[in-house]
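Enquirer: In this text, residue positions in the sequence shown follow my numbering: the first is 6, and each later residue adds one.
Hints listed in this document are in silico derivations from the structure and should not be mistaken for laboratory results.
Be aware that one or more of the hints could be misleading.
Straight-line distance between alpha carbons at most 30 Å, and here's what the computed DSSO-like set of lysine-lysine pairs gives [unchecked claim]: (1) 16 with 137; (2) 129 with 141; (3) 137 with 127; (4) 16 with 130; (5) 141 with 127; (6) 141 with 130; (7) 16 with 127; (8) 16 with 129.
Across the chosen pairs, the derived CB separations fall in these ranges [said to hold, decoys possible]: (9) 173 with 34: 17 to 25 Å; (10) 174 with 53: 37 to 45 Å; (11) 95 with 46: 39 to 47 Å; (12) 140 with 181: 19 to 27 Å; (13) 65 with 157: 20 to 28 Å; (14) 31 with 64: 19 to 27 Å.
Note that CB positions come from ideal geometry on N, CA and C, so glycine has one too.
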Amino acid sequence: MCDEMKRNRLKLFTALTIALIFGLFLNFELQQYLTLDYLESRHTFYQQYYEQNQLWTIGIYFTILFLLTSLSIPGITAIVIAGGALFGFPLTLLITSFADAFGSTAAFLASRYLFGNSLQAKNKKRMQIINKGVDKDGAFYLFSLRLMPFFPCFLINLLMGMTSMRITTFYWVTLGGKLPFTAIYVNAGTQLGKMDSVFDIFSPGIVLSFVLIGVFPLAARKSLQWLKTHKKMGFHKN
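Please work from the sequences and hints to get the whole structure.
Expert: Structure representation (structure tokens):
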């Protein structure tokens, strides 16, 4: 009884905290600071600040990405592209990948331990499909979802939290599954950071980056279909 009361209080506190953050976000119109146009206009300032406060800037970037991911707030893509322009490819890819994976895992844990029962009750049909996929394919099922851009990441985090998937499995598969998309957006940022004029947007590096953004989801989908087909063939042979 006492444990149940503590859990209910924790749920209430977490829900109120999330509601407060969203309220502040909307009230102060903070979404305007998470657009590519705004971030690009402030690039020189961020560059100067980063040169003077490298560790602090990296910490701020990591924290912002973690909060956006864990709270499912829009604006991550613009932040990642801006990060690529600011930090360069290797460092941005490293920071972004871990911040995103930690944020996704935080949302996963919140779903499992705080809101799991209520969410499970409201999504019975959807959960039957998800649970069947997890039981059948395990980590590969999550990996395939991560490679499908039309499936919202925040929804994957919440739904997976209601399954029996292990936390460590969720973390590592999320880290690996989102890496290709992250790398493409970071690369786009590094190319945009090299622009000296508006005409540079037609340079091979930038054009290739945006081609990859459009083509990769299709390639990922075809690859998953191929893997599933060969997996079934291997199963029938055995």
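Enquirer: If a hint holds in the structure, say so; if it doesn't, say that too.
Expert: Evaluated hints:
no.: 1; hint: 16 with 137; result: holds (28 Å)
no.: 2; hint: 129 with 141; result: holds (18 Å)
no.: 3; hint: 137 with 127; result: holds (17 Å)
no.: 4; hint: 16 with 130; result: holds (24 Å)
no.: 5; hint: 141 with 127; result: holds (23 Å)
no.: 6; hint: 141 with 130; result: holds (17 Å)
no.: 7; hint: 16 with 127; result: holds (17 Å)
no.: 8; hint: 16 with 129; result: holds (21 Å)
no.: 9; hint: 173 with 34: 17 to 25 Å; result: violated (39 Å)
no.: 10; hint: 174 with 53: 37 to 45 Å; result: holds (42 Å)
no.: 11; hint: 95 with 46: 39 to 47 Å; result: violated (26 Å)
no.: 12; hint: 140 with 181: 19 to 27 Å; result: holds (21 Å)
no.: 13; hint: 65 with 157: 20 to 28 Å; result: holds (26 Å)
no.: 14; hint: 31 with 64: 19 to 27 Å; result: holds (26 Å)
Hint compliance for this structure: hints 9, 11 are not met, and every other hint is.
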